[in-house]
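**Student:** One letter stands for each residue in the lines below.
There are 8 protein chains.
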Amino acid sequence: MNPKKIEKVLARLARGDITIAEALEILRTLPYDDMKFAKIDHHRELRKGIPEAIYSPGKTERQVLGIAKRVLERGDEAVFTRVTPATFAKMKNELGAKVRYYPEARITTVGVSRRKPLGKVLVVTAGTSDIPVAEEAAVTCELLGCKVKGLYDVGVAGMHRLTANLRQFDEADVIIVLAGMEGALPSVVAGLTNKPVIAVPTSVGYGANFEGMAALLGMLSSCSSGIGVVNIDNGFGAGALAAVIVKNKYAV
Amino acid sequence: MNPKKIEKVLARLARGDITIAEALEILRTLPYDDMKFAKIDHHRELRKGIPEAIYSPGKTERQVLGIAKRVLERGDEAVFTRVTPATFAKMKNELGAKVRYYPEARITTVGVSRRKPLGKVLVVTAGTSDIPVAEEAAVTCELLGCKVKGLYDVGVAGMHRLTANLRQFDEADVIIVLAGMEGALPSVVAGLTNKPVIAVPTSVGYGANFEGMAALLGMLSSCSSGIGVVNIDNGFGAGALAAVIVKNKYAV
Amino acid sequence: MNPKKIEKVLARLARGDITIAEALEILRTLPYDDMKFAKIDHHRELRKGIPEAIYSPGKTERQVLGIAKRVLERGDEAVFTRVTPATFAKMKNELGAKVRYYPEARITTVGVSRRKPLGKVLVVTAGTSDIPVAEEAAVTCELLGCKVKGLYDVGVAGMHRLTANLRQFDEADVIIVLAGMEGALPSVVAGLTNKPVIAVPTSVGYGANFEGMAALLGMLSSCSSGIGVVNIDNGFGAGALAAVIVKNKYAV
Amino acid sequence: MNPKKIEKVLARLARGDITIAEALEILRTLPYDDMKFAKIDHHRELRKGIPEAIYSPGKTERQVLGIAKRVLERGDEAVFTRVTPATFAKMKNELGAKVRYYPEARITTVGVSRRKPLGKVLVVTAGTSDIPVAEEAAVTCELLGCKVKGLYDVGVAGMHRLTANLRQFDEADVIIVLAGMEGALPSVVAGLTNKPVIAVPTSVGYGANFEGMAALLGMLSSCSSGIGVVNIDNGFGAGALAAVIVKNKYAV
Amino acid sequence: MNPKKIEKVLARLARGDITIAEALEILRTLPYDDMKFAKIDHHRELRKGIPEAIYSPGKTERQVLGIAKRVLERGDEAVFTRVTPATFAKMKNELGAKVRYYPEARITTVGVSRRKPLGKVLVVTAGTSDIPVAEEAAVTCELLGCKVKGLYDVGVAGMHRLTANLRQFDEADVIIVLAGMEGALPSVVAGLTNKPVIAVPTSVGYGANFEGMAALLGMLSSCSSGIGVVNIDNGFGAGALAAVIVKNKYAV
Amino acid sequence: MNPKKIEKVLARLARGDITIAEALEILRTLPYDDMKFAKIDHHRELRKGIPEAIYSPGKTERQVLGIAKRVLERGDEAVFTRVTPATFAKMKNELGAKVRYYPEARITTVGVSRRKPLGKVLVVTAGTSDIPVAEEAAVTCELLGCKVKGLYDVGVAGMHRLTANLRQFDEADVIIVLAGMEGALPSVVAGLTNKPVIAVPTSVGYGANFEGMAALLGMLSSCSSGIGVVNIDNGFGAGALAAVIVKNKYAV
Amino acid sequence: MNPKKIEKVLARLARGDITIAEALEILRTLPYDDMKFAKIDHHRELRKGIPEAIYSPGKTERQVLGIAKRVLERGDEAVFTRVTPATFAKMKNELGAKVRYYPEARITTVGVSRRKPLGKVLVVTAGTSDIPVAEEAAVTCELLGCKVKGLYDVGVAGMHRLTANLRQFDEADVIIVLAGMEGALPSVVAGLTNKPVIAVPTSVGYGANFEGMAALLGMLSSCSSGIGVVNIDNGFGAGALAAVIVKNKYAV
Amino acid sequence: MNPKKIEKVLARLARGDITIAEALEILRTLPYDDMKFAKIDHHRELRKGIPEAIYSPGKTERQVLGIAKRVLERGDEAVFTRVTPATFAKMKNELGAKVRYYPEARITTVGVSRRKPLGKVLVVTAGTSDIPVAEEAAVTCELLGCKVKGLYDVGVAGMHRLTANLRQFDEADVIIVLAGMEGALPSVVAGLTNKPVIAVPTSVGYGANFEGMAALLGMLSSCSSGIGVVNIDNGFGAGALAAVIVKNKYAV
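Chains as they are written, first to last, in this note's numbering: chain A, 24 to 275; chain B, 24 to 275; chain C, 24 to 275; chain D, 24 to 275; chain E, 24 to 275; chain F, 24 to 275; chain G, 24 to 275; chain H, 24 to 275.
Simulated from the structure, these hints should not be mistaken for laboratory data. Heads up, a few of these hints could be off.
[Claimed, not checked] Distance condition first, Cα-Cα at most 30 Å in a straight line; then the derived DSSO-like pairs of lysine-lysine:
(1) Lys170/H / Lys143/H
(2) Lys139/A / Lys172/A
(3) Lys170/A / Lys143/B
(4) Lys272/F / Lys143/F
(5) Lys272/B / Lys272/A
(6) Lys143/D / Lys59/G
(7) Lys59/G / Lys272/E
(8) Lys272/C / Lys143/D
(9) Lys172/A / Lys92/F
(10) Lys170/D / Lys59/G
(11) Lys170/H / Lys172/G
(12) Lys59/A / Lys172/C
(13) Lys272/C / Lys172/D
(14) Lys92/G / Lys172/D
(15) Lys143/B / Lys59/D
(16) Lys170/H / Lys272/F
(17) Lys139/G / Lys272/E
(18) Lys170/F / Lys272/H
(19) Lys143/G / Lys59/H
[Claimed, not checked] Covered stretches of chain D, as calculated for chain B (at least 3 residues, CB under 8 Å):
(20) 75-81
(21) 254-261
Ideal placement from N, C-alpha and C gives every residue a C-beta, glycine not left out.
Let the hints inform the model, and build the full structure from the sequences given.
**Tutor:** Below you can see the structure in the form of structure tokens.
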């Protein structure tokens, strides 16, 4: 439940549009909404400044739909990650226009309204295969209120592709760098800039890459400073961290 | 070489205090100083806004001393991490007052002058045994120009120790959270605040902790958002990332 | 073969309903029933106080059916875990009413009669995706004669969901806590209660979670005391251990 | 701070022995005592029914002594694990008679008074080399108020040593089983008894044992039910869990 | 090519049935038959006393058929392991009666004639799910000329199933023991007998079993002596080693 | 863009066939071609002497087609690895004759013209199942301008198959050795020759082979010298390294 | 307790040298001797045909001495492995002539009398550094009654050293092959012989060898058949298995 | 034994300086010299063109001295790696002037005479701490007859240090690149050059670097082509491979 909504509830009460009992009922279900199989954390936006995020894999379609419906009923917002097109189709069908899908990013939003963008996040990938995770990061940043720019396929095997784009680093508030295989790009980027770098290992690669393990260990062992690492393929996590940094910079 | 020093060189040239040849010689050795066994990156401060950091283990005492001496000769700054008291004693003996030691943090600075502190970093530990790494982070933040406050031994086995200190979270610009064993503290902290959280797994623990591996994997797999992870026991890395975020917030 | 059945055999002998040879034949097949591909441990109930449990994956449908049939022929009881709906359908078809299915828990019981419930087990999950394993644990507890209550989706990213339910901990005899991702919940729960905590890592998560490894290592490395850990996704094992503790508490 | 002590404080207040302000001051420092480098959890005994336990490795001697001193000043109790003889000697020297050492278990107690023992815990080891960890478990149980009996060196390579002692299993409330190498003993024991089994993998072994990893994985993968596993070499954890189970059984 | 066949070639030459050139051609293709994609080791039977074994996965059906055909053309013998029913059907169709299939063991033989059995191998499994690998071992032993007896589902969770069958151990020359999960059975068996034990970890289990890793590490770390371990699920390897031991015992 | 093409551009300019502006436009797009989702490195041939290689898995068919089309438009060359027959069919359909497929090697070339072969590379496999990776290496070598010869299925279990082919080693400039399972072949080959050996672990095997890990670790730990190792199943990498060594030998 | 000793006890009883009560007392302490910290398995020789073996690391000197003393008091035999020279010196000092030390093998025997050797074991090493483990295997074989011959430093990097010694393989009953690094030697040996091969990975090597892991995985993944593997550096286990095979061959 | 020496033996025989029997005796001990604990491979130089290399750790000082002495007696050559100063001192003392030590590289040569250098090897390190391994590589190259140049401390955190030295790449025949931590340097170097790159992961780093594992996996997963990887810290292996490539290039 976003702070403005609480204000509105109180205003409606003040105007006599709702009774005290009704206001209480709305506020009472804070801090969370108990659906037995899920306790939706409407309070999260108050604490974290971002809508609740729901990781979809491992949940039944029935559960995903149930959560989405409840969120809409309360005029609230939620971001569902790793949503398949099939699940989205069902959500669209049942819940209609307030559900939006970002297919490359595999994100579905429910009730999320656009925020006025603050700050700039640059999303950089080492290769083309890293793009789906990069899009998850980029869409997350946008949903949470940041401007985003992408710079894709500039891996270390052809450094001139990177150095030709250095100026973009200076214009960013935060740089998200995604790489699979040996995961060397964040070290190189962090060596060239004084902006915070969020490193995202991706599972692109094979054999001794061990599904992103090589990239992950490499990023954690980086010889450059100013790097924070997130989980393998965790585009959402990178986007959310970037947004938190940006919000803390521009929020008064 | 810090930007002000370049300005000074140019000013001295303008005033006729040095010849063009002399100015050239000073600037020529940019971007790095070649000592064969090390290429000191005087350029780093220009690019990154922070002094060069030298990881001491694996370097001979002769190499550490040589680098430190060259740094001083150029009126430059450097931070040496994981320095033993014995090595510091030799540095002190040969190089004198410009070398300072932070024993709990195992950091030696060479020629580093105090910066006017900007922003606030809160350093939180799960246990008492995490303190040496926490001090490495805290001293790094201070050296790089941030105010730092410590909140130690508030691990998840006794949550009331943490919740009694929630107000400190709101006052911080960045929160560094250190934990060994299961490494659960960053998840809990990030669930309670909207500040960027830098998670540092420590090697505190034994058996299935695998020298910090359990804490590292746990932090990367966190169910909370807004967390960037650094290497096991990497207090310096956490401090440097925190400083980068703070500087990007307050720098005009 | 449950102790009451042995008593009955002996009683029937005493009453002359069966001959000594017949009684002997029944008892002789104790302690196990040799089907070549399986040796059904009818003795287990005597030793352990719980029906034999059969882990279904890796067994052919023919073998599962064969074991179930033999159990029924002897008027005995068995619990089959990880049973697919398809296999259950075949069992139901061939064996009829004495076969019952708990679809969310993936458990099929054969000949199991309800026990009068003793004690209370609280089953807590960090997320919605942990529910199938939680249900396996809950159904196991119920089958083995415990009352069970579920408290789902109270993970550490939103601690208020947990603390709002603390009173339930005091009313339980044993608490089963399931969590995937970083697996932090058992540490927090065990820090808040003086009841035995059984921690179940689940394979919910991705990347550095390594199919439940992160949660498993975290639970084993917990900074809280009073925790026993079972295998990843081992809902049956957690339920059986809880039931053993409860039975030892209430059994005279 | 144990509940009786709170009662006493209140009684002294009621009797006028102390002023309200004094009582408040004593109670105010609940729930923990902030020593900057450690926050002693005097509240733990209230919540968990057991004294605070302090894991000594990674703490400086100065910190260990400081914590112990504060505990004594408050008339409180604490258990220090993995204490070296040298550290104990210093503690004894500074703090005197209220400090006791259990050398084989490497445990030091501070201010701990004997509890009237409840229930019986049987501690079983596969080999002689497992005894130090077994003693840590046994001493922990005793300190937390259980009767303890040891059955050592009955590993599966000579099953007759185990089966000759089966009767002891029936007399126990909880059985702690320690094994290194392949860690098979808990499976065998749990197959023979209906008591809760706490399995402790030890780091006894070499090569493919990987410092207890083989035993740990084996115990988690056990084909027997009724087993909860603790960390490698975690005698304290096993003892504490056993005590929690026993207390929940006998406590009215 | 088996030694008798070489003798025959020489005899035919001696009788003038074939010319020297023809004999040479036959012997020349020794020691192996080059099919480009495979070099069939007809020499293996001479060196090892057992037919060539071909591991089928990773080979195309065309390659498997080609090898089988060439083996038959030369009147030779080969054992194909891990053959799917579909591949066998194709082999049967093209090559006819000399191809035989052992479906549970997933073995296809080509041109293999029964040997007079020597010695006795006992194949023991911990569970029912281990049977496919056990059958691979048993069929291998039989094909290589040993008598085999199976003792299935006698795992350590119900030791009485094992001890009731101890006499069978004394009658065996070699004992193959298969177990998944914690893999404890070989330790127990080796502790009870003075026969060589071949331990086969199987991939039966889940979670911390890591596809047979727990059983493998356990067997290698066994506290019993007289055990040799083979790869996870390697029934063929166990059977071949057993046969080699038996042949070395009974061969004059 | 290969150096000859640049020469041609310049020549056309000199002849007045194109204007300076046109020449500039052609050269300007060096060093890479920005397609947003991919930055094609036309510069690579200049730097590395080999056409750009594109790893296909993880790229959408649309992306693969787009890259291939752009390459052809520029009269350039590219090698696509791990291409499925389905993707090739689409490429063929849209792009026509300039696309060629090597099915066993899973390589598709776009616009690649035959080079006059230099030097000899010998590709050796331990088994038949290693052939697909070997073919990837062999085709790569041929495409990059080397003569290639294959020696397949000469693993260490039948050393005579290897030693019968020793002469081929003397005739090679570089030897690529592929092996799965224990990966012992490169050690043996490198012990017998003074040619550079490129070792390729393959994922052939099961269980303790861990998808090529055993072979990889073995090759890295080899007791022979003169071996460089590439990633598991990385036939392309081995072929490219071999070609680089050959080109550096014969290039004037 | 060896069978002959039991016979003697009975004979003495028959002759009236001891009373029934005395005989009973001697036999009663069978099957094991309870020293609290150790249960010496005198029964092992009856079951296994070999003296009890005691792994010394992890036992205190006091425990080792206590076990050795008790063994001697009973006129029994034991083999202590991994004994340091210091511990042996103490044993020698206290227990005298019946204690013998094999320094290279790090074995101490207590009361072990020479057996008439049966069969031949060939112990082969890949390198010189493998010799200490090889000696542990060789001495174990000799103590358990086998003739042993050593063939050291014949690793695969120089195959001619191995092939020059092939004849020795034919003369052996069992071949123990030790190798560190990539552990390829057992595969090669097993490919050349029809004798049972016991493979011993050693921890010789560094880096990607991971303390013997590479050799271990390689041996388990061997492409040759007829190999049983023991734990890393487990010379005793290899020797004991060899002896068991030899005894089963020659024992009537 | 180097080929020239064999020629000399034959020449001496031709001149009548030695008898046939004497010549035979010298040649007879080819291909190796059996010292029981070591079989010195004098044949290696013939096969591989390089002197025998002996890895010293794990060998006793007595063994190292014995091998060195025998090498000198035969007028042969050997390279001992990882030799401690103490061992070298003993060698020098006993064997005198023909023993030379390269302390930074930890290499001792015995009887090695300088070869006329062929070709150029460039040895590049990411950091100062990589220098000991780099020196092992460099000295090996020189001993095996290559010119060597070092370019140290040019890691990816300060790319300008690398790019300032690009010209050196063009002048080299082979480039050895050493890096610890994330091991990114070989990818960057191989992206910039068309020379063969030998990548050496070093164990420089901590935590998630896992003693060089991160660097190793990263190098194997490199997105650049033309890279062969050797074991962690294997400077000798890298140097030997470089020398083999150089020799094959320049040898007629």
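**Student:** Has the given pair, lysine 170/A with lysine 143/B, been kept, meaning a C-alpha gap of at most 30 Å?
**Tutor:** The given pair, whose Cα atoms are some 26 Å apart, holds under the 30 Å limit.
**Student:** Need the status of pair lysine 272/B, lysine 272/A: alpha-carbon distance at most 30 Å?
**Tutor:** holds, 5 Å
**Student:** Hey, lysine 92/G versus lysine 172/D, does the alpha-carbon distance stay inside 30 Å?
**Tutor:** Holds. Lysine 92/G to lysine 172/D sits at ~26 Å (cutoff 30 Å).
**Student:** If you draw a straight line from the CA of lysine 139/G to the CA of lysine 272/E, is it 30 Å or shorter?
**Tutor:** Status holds; Cα separation ~19 Å.
**Student:** Compare the distance between the alpha carbons of lysine 172/A and lysine 92/F with 30 Å, and conclude whether the hinted pair is satisfied.
**Tutor:** holds, 26 Å
**Student:** Could you grab the alpha-carbon distance between lysine 170/H and lysine 143/H and see if it respects the 30 Å cut-off?
**Tutor:** Answer holds: lysine 170/H to lysine 143/H is near 5 Å, not above 30 Å.
**Student:** Lysine 170/H and lysine 172/G: Cα distance at most 30 Å?
**Tutor:** violated, 46 Å
**Student:** Just to be careful, I want the Cα atoms of lysine 170/D and lysine 59/G compared with a cutoff of 30 Å; is the pair within it?
**Tutor:** holds, 18 Å
**Student:** So if I understand the rule, the pair passes when the alpha-carbon distance is 30 Å or less; does lysine 272/C with lysine 143/D pass?
**Tutor:** holds, 13 Å
**Student:** Is the hinted pair lysine 139/A and lysine 172/A satisfied, with a Cα-Cα distance of at most 30 Å?
**Tutor:** The given pair, whose Cα atoms are some 16 Å apart, holds under the 30 Å limit.
**Student:** Does lysine 143/D pair with lysine 59/G here, judged by a C-alpha cut-off of 30 Å?
**Tutor:** holds, 19 Å
**Student:** Checking one constraint from the list: CA of lysine 272/C to CA of lysine 172/D, max 30 Å. Satisfied?
**Tutor:** holds, 20 Å
Checked against the numbered hints given earlier, this structure breaks hints 7, 11; the rest are met.
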